[in-house]
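Q: Sequence:
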Amino acid sequence: MIKFFRKIRYDLMEKNKTGKYLKYAIGEIVLVVLGILIALQINNWNERQKQLRLEKEILKEVRIGLEADNNSIQVSINDHEKFINSQNIIVNWMYKKLAYHDSLMPHFKHTHWTTLFVPKDAQFESLKQFGLRNISNKKLSDQISNLYDNLYEDVLLWQDEYKNTSYGLREHMTNGGIEFVQDSSDILLDQRPLNPTDIQNNSAFLFQLIGTSSTLKLFNEYKLKATQEEIEKTIIMIDEELAKH
Numbered sequence: 013m014i015k016f017f018r019k020i021r022y023d024l025m026e027k028n029k030t031g032k033y034l035k036y037a038i039g040e041i042v043l044v045v046l047g048i049l050i051a052l053q054i055n056n057w058n059e060r061q062k063q064l065r066l067e068k069e070i071l072k073e074v075r076i077g078l079e080a081d082n083n084s085i086q087v088s089i090n091d092h093e094k095f096i097n098s099q100n101i102i103v104n105w106m107y108k109k110l111a112y113h114d115s116l117m118p119h120f121k122h123t124h125w126t127t128l129f130v131p132k133d134a135q136f137e138s139l140k141q142f143g144l145r146n147i148s149n150k151k152l153s154d155q156i157s158n159l160y161d162n163l164y165e166d167v168l169l170w171q172d173e174y175k176n177t178s179y180g181l182r183e184h185m186t187n188g189g190i191e192f193v194q195d196s197s198d199i200l201l202d203q204r205p206l207n208p209t210d211i212q213n214n215s216a217f218l219f220q221l222i223g224t225s226s227t228l229k230l231f232n233e234y235k236l237k238a239t240q241e242e243i244e245k246t247i248i249m250i251d252e253e254l255a256k257h
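If you're matching positions, the sequence shown starts at 13 in our numbering and goes up one per residue.
I should point out that these hints are in silico values taken from the structure, not numbers from a laboratory.
No false leads were slipped in.
The following label-pair restraints were derived from C-beta to C-beta distances:
{"#": "1", "residue 1": "E173", "residue 2": "L66", "range": "36 to 42 Å"}
{"#": "2", "residue 1": "K94", "residue 2": "F142", "range": "38 to 44 Å"}
{"#": "3", "residue 1": "K132", "residue 2": "A255", "range": "20 to 26 Å"}
Simulated pairs of lysine-lysine, PhoX-like, Cα-Cα distance not exceeding 25 Å:
{"#": "4", "residue 1": "K237", "residue 2": "K151"}
{"#": "5", "residue 1": "K108", "residue 2": "K94"}
{"#": "6", "residue 1": "K245", "residue 2": "K256"}
{"#": "7", "residue 1": "K175", "residue 2": "K121"}
{"#": "8", "residue 1": "K245", "residue 2": "K235"}
{"#": "9", "residue 1": "K140", "residue 2": "K72"}
{"#": "10", "residue 1": "K245", "residue 2": "K150"}
{"#": "11", "residue 1": "K72", "residue 2": "K132"}
{"#": "12", "residue 1": "K151", "residue 2": "K256"}
{"#": "13", "residue 1": "K132", "residue 2": "K235"}
{"#": "14", "residue 1": "K72", "residue 2": "K62"}
{"#": "15", "residue 1": "K229", "residue 2": "K108"}
{"#": "16", "residue 1": "K132", "residue 2": "K245"}
{"#": "17", "residue 1": "K175", "residue 2": "K94"}
{"#": "18", "residue 1": "K150", "residue 2": "K68"}
{"#": "19", "residue 1": "K151", "residue 2": "K62"}
{"#": "20", "residue 1": "K140", "residue 2": "K151"}
{"#": "21", "residue 1": "K94", "residue 2": "K237"}
{"#": "22", "residue 1": "K109", "residue 2": "K121"}
{"#": "23", "residue 1": "K68", "residue 2": "K256"}
{"#": "24", "residue 1": "K121", "residue 2": "K229"}
{"#": "25", "residue 1": "K235", "residue 2": "K151"}
{"#": "26", "residue 1": "K245", "residue 2": "K151"}
{"#": "27", "residue 1": "K94", "residue 2": "K229"}
{"#": "28", "residue 1": "K237", "residue 2": "K175"}
{"#": "29", "residue 1": "K72", "residue 2": "K151"}
{"#": "30", "residue 1": "K68", "residue 2": "K140"}
{"#": "31", "residue 1": "K132", "residue 2": "K175"}
{"#": "32", "residue 1": "K150", "residue 2": "K132"}
{"#": "33", "residue 1": "K175", "residue 2": "K229"}
{"#": "34", "residue 1": "K235", "residue 2": "K175"}
{"#": "35", "residue 1": "K235", "residue 2": "K94"}
{"#": "36", "residue 1": "K94", "residue 2": "K109"}
{"#": "37", "residue 1": "K140", "residue 2": "K256"}
{"#": "38", "residue 1": "K108", "residue 2": "K121"}
{"#": "39", "residue 1": "K245", "residue 2": "K229"}
{"#": "40", "residue 1": "K150", "residue 2": "K256"}
Just so you know, even glycine gets a beta-carbon here, dropped at the ideal spot from N, CA and C.
Taking the hints into account, I'd like the entire structure generated from these sequences.
A: Here you go:
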């Protein structure tokens with residue numbers, strides 16, 4: 013093609029058609045520039061498609077991580093509701109001075125238990141390496157960032173707070189004049205008070221148990237469930253974004 017254009021220019025020069033030569037030369041330059049621009053546009057398009065494919069794969073991985081987190085939070089919520097029920101049963105037993113029965117053993121055990129939520133953050137780290145600003149949908153990018161950087165962090169702070177509270181309750185039960193024996197019939201070991209009457213008359217333990225239960229209820233309702241809703245919202249947003257590509 014270049015040889016063809018060059019031959020035309022030489023023919024015009026030999027025929028002393030300078031005006032036509034200049035016009036043709038300018039036209040040739042314009043064509044070359046257009047060719048370069050088109051090539052650049054194609055290259056940019058290819059790079060953009062490559063980036064979109066990478067973005068899509070990363071969003072898929074983030075979605076997998078969020079599904080795992082959602083399931084993990086649901087396990088925590090279910091366990092905590094069981095623990096709260098046990099705490100209520102022990103509080104009722106203490107408050108009403110009911111007769112002791114060994115059926116209370118698993119409930120004593122659950123008064124100071126917690127199920128820890130451990131986020132799957134490897135996918136978010138991959139997303140940060142890719143660059144949150146490179147996500148096509150800024151609203152989605154902001155949603156993911158807020159979920160991991162703010163909501164998850166808040167959940168972990170509350171979780172640590174409750175863990176410390178429950179550990180304090182456990183120490184009160186074992187070191188504060190309230191003794192327990194372990195029953196090996198359960199692999200997780202139930203607990204039984206050696207002197208039930210002493211426990212029923214221990215108002216400090218009762219108040220601490222009520223406080224621990226209240227903290228767990230707040231954690232469950234206002235942190236875990238709220239975060240779960242945001243996870244599900246984020247998954248929907250990711251699905252909508254993936255459907256575009």
